[in-house]
Amino acid sequence: MSTSTRTVITGIGVATPSGLGIDDFWAATRVGKNAIGRVTHFDPTSYPSRLAGEIRHFAAEELLPSRLIPQTDRMTRLALVAADWAFADAGIKPGDIPEFDMGVVTASTSGGFEFGQNELKKLWSQGSQYVSAYQSFAWFYAVNSGQISIRNGMRGPSGVVVSDHAGGLDAIAQARRQIRKGSKVIFSGGFDASICTWGWVAQIAGGRMSTSDDPDRAFLPFDADADGYVPGEGGALLVLEDELTARERGARTVYGEIAGYGSTFDPKPGSGREPGLRRAIEVALADAGVETGEVDVVFADAAGTPRLDREEADAINAVFGRHGVPVTAPKTMTGRLYSGAAPVDVVSAVLAIREGLIPPTVNVEPSPEYGIDLVTAQPRSASVRTALVLARGHGGYNSAVVVRAVD
Amino acid sequence: MSERKFTFDALKRILREGAGADEGVDLDGDILDADFEELGYESLALLETGGRIEREYGISLDDDIFTDHRTPRALVAAVNELLKDNTVSAA
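Listed in order, the protein sequences are those of chains A and B.
The opening position of the first sequence corresponds to residue 1 in the UniProt record's numbering, with each subsequent residue numbered one higher.
The opening position of the second sequence corresponds to residue 1 in the UniProt record's numbering, with each subsequent residue numbered one higher.
Watch out, some of these pointers could steer you wrong.
Below 30 angstroms or equal to it, Euclidean Cα-Cα: the simulated BS3-like pairs (lysine-lysine) are [said to hold, decoys possible]:
no., chain 1, residue 1, chain 2, residue 2
1, A, K121, B, K12
2, B, K5, B, K84
3, A, K93, B, K84
4, A, K33, A, K93
5, B, K84, A, K181
6, B, K12, B, K84
Read the hints as simulated data drawn from the structure, not as lab findings.
Go ahead and model the full structure; you've got the sequences and the hints to work with.
Written out as C-alpha cells, the structure reads:
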C-alpha cells in the first residue's frame, strides 16, 4: 500500500431526470433546465404531494438482457445500465482487469420499493404463491452492488452504505479506502427510484415534501419561500481507480480526484449543540490538504426546508465566511435523488472543472439572511480546480467530499 | 373432465415470463435435453418457474422437482405425470 495513492475518477455513468448519459445530463444541467413536473408514474391526484423529477424514456428492456428484467427493480435497471455506460466511458471492458481487483460499493436509501410494492399487491390480492421468488433480493439495499458485480464479473471488495443522501458520499469514501488497500477499480455511487405509491407515502410520512403544484416554485432551497423538497429518481456511478493504475493502462479521461472526505453525526436533537456539518467540511478539507481559499465552489445538500437550509448555510459560512465561496444546487432541476444525489453532484463537479462553468441553482431567489453566494438563474464562468460536495442524510448524517482537478 | 397437458411450448413461455432467456440461448432451438443450468437458469429462476407452473396448473411440485428433472424433456414429462394423477383422483 502506498500512502501517496490518489483515487481518481476515470469513468461516469449517469441517469437523472435531466438526462441519460454524460452529454445529455450536462447539456441540460449547465444551462439550468428544470426537469421537475407532475408525477406520471402513477396518478398523484389524491396525494398531498404531486411533483417529482422523473426519468422519461428509459427503455430497460432494450438495454438489458431479458434474464435481468423479471428480477430487477427500476433502480437496479438504472444502475446496471449506468454501469455499462461507466465501463464504456472508462474505456475498459469487464474481463480486462482481474475479477478480484474490481469491486462495487454503492449507496441506497430506499431499496427496490416499486418491485416490493408489486409483489405485496400480489400477496394481498392473489396469495403468497403469486409472489415472485426474486422478491427475496430485488428489494434489498445491496442489490445494485450485487447485480453490477454479477453481470460484470467484479468480485473484489463490494458492499452497500445506507445513510440516506450522505450515503452517496460515504460509498465513494469506502471505495477510496478499498483502492488504498490495493483494489484496482471500484465502481461507486448510488441509485434510488421510488416514485411509486408505496415509496410516495413512505416519503410523505417524513413530513418534508413540498405540496406545491408549480414545478418552478416547489423546491426552493435557501429561498424565503422554501417549503419542502421534491423527490426525484436516478443517480450516478463513478469508475474510481488508483491514479497509477489509470495512467499505466492509458485511461483516456481522468476527470478528477477524490481528494478528501469527512463525515459526522449530528448531536441529539434538543441538545443545543452545533450540528455536525461544519466539522464534516473541516475534516474533508483537512483530509485533502486544502485551504478554504482554494475551494472554488460548494455543491450544497440543499434540503429545501428552512431549518435545514439555515444549518447548512451556517456551516458553510462558519468555514468560508459570509459570501465567501460560490454555492450551487443543481439538484433544484431534478429534485432530491436520495443515494443518487451526491454522486450526481460529484459528476457535476468534475464537469464544472472540465468546462470552467458552475451550473446554476434554478428557480431560487436566495434569501439574503442566509448570507451565501448562491449561483442562481445563470451558470457562472469560473476557473474550477477544487469543489466541495455536501450531503446530509435523514437522521443526522453529514458527509463532505473534496473533488480536485488532476493535471 | 378432459386431461390437461403441460406442453414444451408452455414451459418456454413460462420461462420467458418468469425468468427471461439468457443471451446466447435460443429457447426455440434444440434444448429439450439441455440441462436447465446450461440454459442459464439458476436455482431462483427455477423456483420462480416452478411457482408459475403450480399456479397455472393448480398442482403442487416437490421441492426437488428440478434436481430430479434437470432438462425440459424430463420436467415436462414429470409435470404431465402429476396432471394425469390429478385427473384420475378427481374422476
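Hints that the structure is at odds with (numbers, increasing):
3, 4 and 5
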